[in-house]
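Residues in the sequence shown are numbered consecutively from 1, following my numbering.
Check before you lean on any hint, since a few could be wrong.
Distance condition first, Cα-Cα at most 25 angstroms in a straight line; then the derived PhoX-like pairs of lysine-lysine [stated by the list, open to error]:
1. Lys145 - Lys253
2. Lys7 - Lys145
3. Lys346 - Lys92
4. Lys263 - Lys273
5. Lys284 - Lys253
Since the hints were derived computationally from the structure, they do not count as laboratory data.
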Amino acid sequence: MVKVYSKALDQSIEINRILGQLEGDTAGPTLIFTAGIHGNEPSGVFALVKVLDDIKSKNIDVRGKIYAIAGNVSALEQGVRYHREDLNRMWKEESVKWLLKEDNINRNEEDYEQYQLYKIISQILEEDKGPFYFVDLHTTSSPTKPFITVNDTLLNRKFTEQYPVPLLLGIEEFLDGTLLNYINQLGYVAFGFESGQHDALCSIENHTAFVYLTLIYSGAILKTDIDFNSYYTILDRSTNDLYNAYEIVHHHKIGHDEDFCTKPGFTNFEPVKRGQQIATSDSKQVYTPIDGNIFMPLYQKKGEDGFFIIRHIPPIFLSVSSLFRKMHLDHMLTLLPGVSWVSDQKDALRVDLRIAKFLAKKLFHLLGYRSRQVDKNFLIVKNREAISKNKEYRNSTWYRNTF
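The whole structure should be built from the sequences, with the hints applied where relevant.
Pasting the structure below:
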């Protein structure tokens, strides 16, 4: 066991990697909550321990199984984001394959932490029954209102639209190797929740409310067994002035040895104008190239992402996107010059930008594709929808009500 300290509560708790586990007598979903994949983000750990303890002490009936798992345990003990490598950037397919070679497991602290997480998740997927729901709990270095990060599949989108919290869609195009992206590649419902600033008391409160809502929306517990309205209101009142959905339109990435410093005072979702100074980098001023809302400005020493600029997605765009995906209109794209399937699996397209200059990334997003620039001439766009395990969720109430 290790001790984890919360500055917000001014208290410590002792934890194992498995923070808690509950199993009901009735069949139901399997929920896997992870928290503290960054060691300077203990809020989710404290919230999960509280929720599971409350469920047990109040004898609340559980359907299915609930797992609560600590991410980077050794970093949580020391209160640092990570030791040598960001554990939430290590989940690329080739990295996981490399890790599973026995001599690589203990190369550094994060390799060991990742291997332990991988073993637990793999065992759950192998031994337990779905539908599976993966939720990764986080906090930010800047003040923020709560929000959800989600890979833009209809499965993810429809489930997360139940919350009174804005969605940030498609972040996987900008952040490689996250745990959630790895899980999404397996086809399950998986998303992240950012509850507030690292050491804010409201972050623990928001995490607690969010976990309870997740248990209800997934069918693991009944709404009547808890004070649903209270938890719903906690999140709703924090975000009622925000749009329902946003997308990233600019990403300022930090170099390995770059001396990057964000100007004080920015908060998440704050409007910014083109040409406004955001930070300094190696003593040079950094400006935003476009209008929008600043998102996750970096106010900590460790991190590769200086800031993002986001814009809201009009509801009509989301509705049209859902319709087009259900109609499989993407299969008509190969009729256009410069567009071809990468393989017979028909889950990715190769776009020759010298020929198909008229095709914008926004069109591919509309049809459910994630884009990756190979070079200046070619774009590979991968179908997010092709891997979704829709059949696994068809008996869920939320699925029947939205699809």
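Structure-based check of all given hints:
1. For the proposed pair Lys145 and Lys253, the alpha carbon gap of about 23 angstroms is at most 25 angstroms, so the pair holds.
2. Only pairs whose Cα atoms come within 25 angstroms are accepted, and Lys7 paired with Lys145 is accepted, the gap being roughly 19 angstroms.
3. Between Lys346 and Lys92 the CA atoms are separated by roughly 21 angstroms; this keeps the pair inside 25 angstroms, and the hint holds.
4. With a CA separation close to 15 angstroms, the supplied pair Lys263 and Lys273 stays within the 25 angstroms bound.
5. Restraint check for Lys284 and Lys253: the C-alpha separation of about 15 angstroms stays at or below 25 angstroms, so the hint holds.
Checked against the numbered hints listed earlier, the structure breaks none of them; every hint is satisfied.
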